[in-house]
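Protein chains in written order, with the numbering used here: chain A, 25 to 291; chain B, 65 to 376.
The reader is advised that the hints may include incorrect statements.
To be verified - Computed list of chain A residues with no C-beta within reach of chain B, every gap over 12 Å: (1) L145; (2) I173; (3) M271.
What the hints assert, rightly or not - Label pairs and their calculated CB-CB ranges: (4) A:I113 with B:P89: 32 to 40 Å; (5) A:R164 with B:P343: 46 to 54 Å; (6) A:A171 with B:V359: 25 to 33 Å.
None of these hints come from the bench; they were simulated from the model. Ideal Cβ placement from N, Cα and C applies to all residues, glycine included.
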Amino acid sequence: MKIVNVTHGSFYALGAYAGASLTGAWIARGLPPMASYAVLAVAAVLITLVFAPAIERLILRFMYAKDEVVILLITYALFLVLEDVIKLIWGVDPYFVADPYTLLGSFSVGGMDYPTYNLILVALALLFGGGLAWLLHRTRVGKILRAVIHDPEVSRALGVNVGRYYLVTFTFGSLLAALAGSFTAPTVSVVPGLGVDVIVLSFAVVVIGGLGSLPGAALGALIVGIVRSVSVHYLPQVELFVIYFVMAMVLALRPRGLFSLEEPRKI
Amino acid sequence: MRQDRTPLVLGATLAALLAAGPLLPQWALFILTLAFARGLVALGLMLLLRAGLVSFGQALYYCLGAYAAGALGRFYGVSDIFVEMLAGGAVAALCALVLGFLLARYRGIFFGLLSLALSMILYGLIVKNEALGSTDGFNIAAASLLGWQPGEASLRYAVMAAAAVVSLAAAWLVHRYLGTPLGRLAPAIKDNEIRVEYMGASARYAVHVKYVIAAALAGVGGALAATTIGHIDPDMAYWTTSGEFIFVAILAGTRNVIAPFAAAAIYGAIYSTAYDLSPNTWQLSLGAALLALIVFLPEGLSSLLVRYARRP
Chain A
25 MKIVNVTHGS
35 FYALGAYAGA
45 SLTGAWIARG
55 LPPMASYAVL
65 AVAAVLITLV
75 FAPAIERLIL
85 RFMYAKDEVV
95 ILLITYALFL
105 VLEDVIKLIW
115 GVDPYFVADP
125 YTLLGSFSVG
135 GMDYPTYNLI
145 LVALALLFGG
155 GLAWLLHRTR
165 VGKILRAVIH
175 DPEVSRALGV
185 NVGRYYLVTF
195 TFGSLLAALA
205 GSFTAPTVSV
215 VPGLGVDVIV
225 LSFAVVVIGG
235 LGSLPGAALG
245 ALIVGIVRSV
255 SVHYLPQVEL
265 FVIYFVMAMV
275 LALRPRGLFS
285 LEEPRKI
Chain B
65 MRQDRTPLVL
75 GATLAALLAA
85 GPLLPQWALF
95 ILTLAFARGL
105 VALGLMLLLR
115 AGLVSFGQAL
125 YYCLGAYAAG
135 ALGRFYGVSD
145 IFVEMLAGGA
155 VAALCALVLG
165 FLLARYRGIF
175 FGLLSLALSM
185 ILYGLIVKNE
195 ALGSTDGFNI
205 AAASLLGWQP
215 GEASLRYAVM
225 AAAAVVSLAA
235 AWLVHRYLGT
245 PLGRLAPAIK
255 DNEIRVEYMG
265 ASARYAVHVK
275 YVIAAALAGV
285 GGALAATTIG
295 HIDPDMAYWT
305 TSGEFIFVAI
315 LAGTRNVIAP
325 FAAAAIYGAI
335 YSTAYDLSPN
345 TWQLSLGAAL
355 LALIVFLPEG
365 LSSLLVRYAR
375 RP
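Throw the hints in and build the complete structure from the sequences for me.
The structure is reproduced here in structure tokens:
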């Protein structure tokens, strides 16, 4: 949507908090733990439906005409607000819900134990990535959306309800972030500041990949993940900034990211 | 052509501050000095904003300046505030000169995010460096001025006075720079870079120069903040610090060199009040204020001044 959205990190955190607290309550009631996966998903959907449409309709909708950088600042302001809203709702204490994580046990590959839950996460991510690519490139809705992003005015002239496309896309994008947060929640302790870490990381991912490119994002995520693990393994001192280093290197060689789209020259 | 009143206003502000200083309570002097430090950084950001560039990594130079000042005190026993500010500015400018060759090629989002990445690299470097105190940072000795060591009571006033002199002098220099052909290129670069090139000017060179000036100002601001607070830590390079500076720069707008300092003072007031009233939700207040600013006052404080001045 040509929006560099800092609020995305907030949705990740919101999803994590909603997932952790709702699933925690579910398990505390003694309800079947196997259903907790569904609860995680439902929590993410609920929390997105509460926040995303409101933000899009009340604030972002009026900002699309503005400069990319101004939109970045607006979402940054929203991010600051949401960060405190999260603290107001859930307090500053960490949440732990490890049940969905431990429930599946682990399996071993070549003598190394690996938690099954993580494997399922990887599968889910692949599924969503593939699904999104299919949605964007193979369906009518996806094609219209790409047209809307390319030129909202012409799309509107052709009878597309541009406002609704923006609303649905923003909500859907936020839902993906919330789902990611919710499904990651069982593997970590959910603490304030979760959104900050993830947003800076995901920016590195999309910038490495090239803004607005789906295969780019996938490749960027892979690069960031591998680089980080390798550095943790061999040179833990540099773990904090190695990702930014990679990002700076990629930008130095390919100024618009690996899979960048061509920009028309402004004359 | 209307007479340029900026030097007059700057001089009057300086005189008023120096005269009112002894009457102000210690905490007000502290906030005022920090406002000058932030104002200096915002002044540099303003230069870049005029060219349509938003640096999300100005904290890089702020932190470099602070650590340069800190290192002077810690390893060489220098505590003179002017030497520290000079060193902070010089180190930052040198670093920007080198990084500028890379950054001057980028515009828009990429400029912002790359500068963010660079500042986070510095953050990571300092956190991992035991000699510089890692995440704890280290303390800085009280400032002295040109060989004079002020006592406990007059220290805050003396530092504030030094800050005011340096800041307003910097504001005047920037004002002069804005009048030069190179300074006047900035809005043109924002509007249409290709036409700038057609005119025979180099956009990349102009951006590079602005970037170095902005960095030097941020370095001086960082050194000033370091001596004022008396403590430095790597959080000064964290990207949320850059966010603060952008807040101040947006609040100030780009039309006037005094506005960044006024905006920094207002920011300090908002921040202190919000923190005082509800320590857990100051980010909320700040975010809401930033949002309101972008919606209702997109050109910043300085546009208010201009609007007011144009009234018959």
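Each hint, compared with the structure:
1. L145: holds (26 Å)
2. I173: holds (15 Å)
3. M271: violated (5 Å)
4. A:I113 with B:P89: 32 to 40 Å: holds (38 Å)
5. A:R164 with B:P343: 46 to 54 Å: holds (51 Å)
6. A:A171 with B:V359: 25 to 33 Å: holds (29 Å)
Hint compliance for this structure: hint 3 is the single one not met.
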